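One rule links them: number in our numbering = place in the sequence shown (from 1) + 3.
If you're looking for bench data, these hints aren't it; they were derived computationally from the structure.
For clarity, every value in this text was computed on a predicted model and none was experimentally measured.
Check before you lean on any hint, since a few could be wrong.
[To be verified] List of simulated lysine-lysine pairs, PhoX-like, C-alpha gap at most 25 Å:
hint, residue 1, residue 2
1, K188, K251
2, K212, K158
3, K127, K204
4, K196, K234
5, K127, K334
6, K158, K302
7, K188, K212
8, K302, K279
9, K204, K302
10, K196, K279
11, K234, K212
12, K212, K251
13, K279, K212
14, K279, K234
15, K204, K234
16, K279, K251
17, K234, K274
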Amino acid sequence: MPNNRQFTTEQQLTERLANEIALFWQQGHFNHFHGENGVDIHYGYFTQQQTRPNLIIVPGRCEAYLKYKELCYDLFQQGFNIFILDHRGQGLSGRMLDNWQKGYVDDFQNYVLDLDNFIENIVKIQSPQDNYILAHSMGGAIATRYLQYRADSIKAAVLASPMLGFNVGKVPEKLAENLINQAEKLNQWLGAKPWYFLGHKNFIATPFKDNLLSHSQVRYQSYLDLYQQEKHLQLGGVTVKWLVESVKAQELIFQQLAAITTPVLVLQASKDIIIKNQAQDEFCQQLNQINADSCPDGKAMVIDGAYHELFFEIDSYRNLALNHTLDWIEKHQ
C-alpha cells in the first residue's frame, strides 16, 4: 500500500477548515435540480484544471455535504474531480414533511433516481470522464441499487459501512421485521402523517463520550459544531415508512446481485453497531461468486477497531480507509 499519500490529520483539521479547506470550498460550484416528484436536490462539485476522473461521493443518512469538506478536499488533492449531493429529506435538499426533522422517504427508489439524475445530467455533462463512486452507510445502499439500475455507468465503487442490513441487537430479525410492518399498518390506520419509529425523535446532539460513530473527538466535534451553527441541516430519527422502504431496498439488493457488474469493494468497520456487518459479509461472499472482480476473496476489507464513520475516524483508521479506497480505484483505472 502506498505510504506517500498525504491526508489531513486531526491535528491539522481545525486550522485547515479555517484556511486551506475554506479557500478550496470557495472554488466549488453549488446548485440544485428538481428530483423525483419535484423535490429539490442540492449538490456541489469541484473540477481539476487537467482532465481527471470523477469521484462521486454518496453520503449516509442524516448527512449534509457540508459535513464532507475535509474528505472532498483530501480526495481532490489526490487528483479527482469531486461530485457530492444531499439526498432528499436531509442536508440542504428538500424536506417532504411538515416536521422536517423526521427521516422520511416515500419510495427508496427515489434516492436512486435522484442519484441517476445527478450523474447523467450534472456529472457527465460537467466532466465526461470515467466515473467512480465512494458511498457511505445509507449511501452505500443507494449506490448499490444504482449499480443494479445502471450497470455500465461506474468503473468501480467503494462502499464504506454500507447499510445492507440493520443491527437489531438480540431481537430476532423476523420479529423486528414484523414489528416494523405492524407499526406501518397502525400508522396507516390511525394517522395520516408518518410516525417516528419507536423511540425515535427530533435531532438531539449526542456528546462525544456517548457517540458510537467515531473515535475522533476533533472530527466528531466539527460535525456537532456544524449542525449547531446550521440548524437547518439537522435531522432526527427515522419514520416507520423510511424503515419499511429501506428493508425493501435491502431485500432487492440481495435478490438482484447478478445485476452488479461494476467492481465493488466493501470497507467494514469492525466495531460498527449501527448497521449489520454480517449482511456485508453475506453480500461480499455472494457477490464474489457472481462477479470475481468484486470483494476480493469474497470478503469485506475490515478496518479493525473502527466505528461506523470510517472517513470521520481517528487518523489511523481513516487513512487505512482512504488508502484502500484509492488503491481500489487505481486498480480499475
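Comparing the hints with the structure gives:
1. K188 - K251: holds (16 Å)
2. K212 - K158: violated (40 Å)
3. K127 - K204: Between K127 and K204 the Cα gap is close to 39 Å, so the pair fails against 25 Å, i.e. violated.
4. K196 - K234: Satisfied, since the Cα-Cα distance of roughly 23 Å is no more than 25 Å.
5. K127 - K334: holds (22 Å)
6. K158 - K302: holds (20 Å)
7. K188 - K212: Judged against 25 Å, a Cα distance of about 37 Å means the pair is violated.
8. K302 - K279: holds (15 Å)
9. K204 - K302: violated (36 Å)
10. K196 - K279: Not OK: K196 and K279 at ~29 Å, beyond 25 Å, violated.
11. K234 - K212: Between K234 and K212 the Cα gap is close to 22 Å, so the pair holds against 25 Å.
12. K212 - K251: Measuring from Cα to Cα gives roughly 34 Å; hence the hint is violated.
13. K279 - K212: It holds: about 23 Å lies between the C-alpha atoms, which stays within 25 Å.
14. K279 - K234: violated (30 Å)
15. K204 - K234: Roughly 16 Å separates the two Cα atoms, so the pair holds.
16. K279 - K251: holds (16 Å)
17. K234 - K274: Violated, because 29 Å separates the two Cα atoms, which is more than 25 Å.
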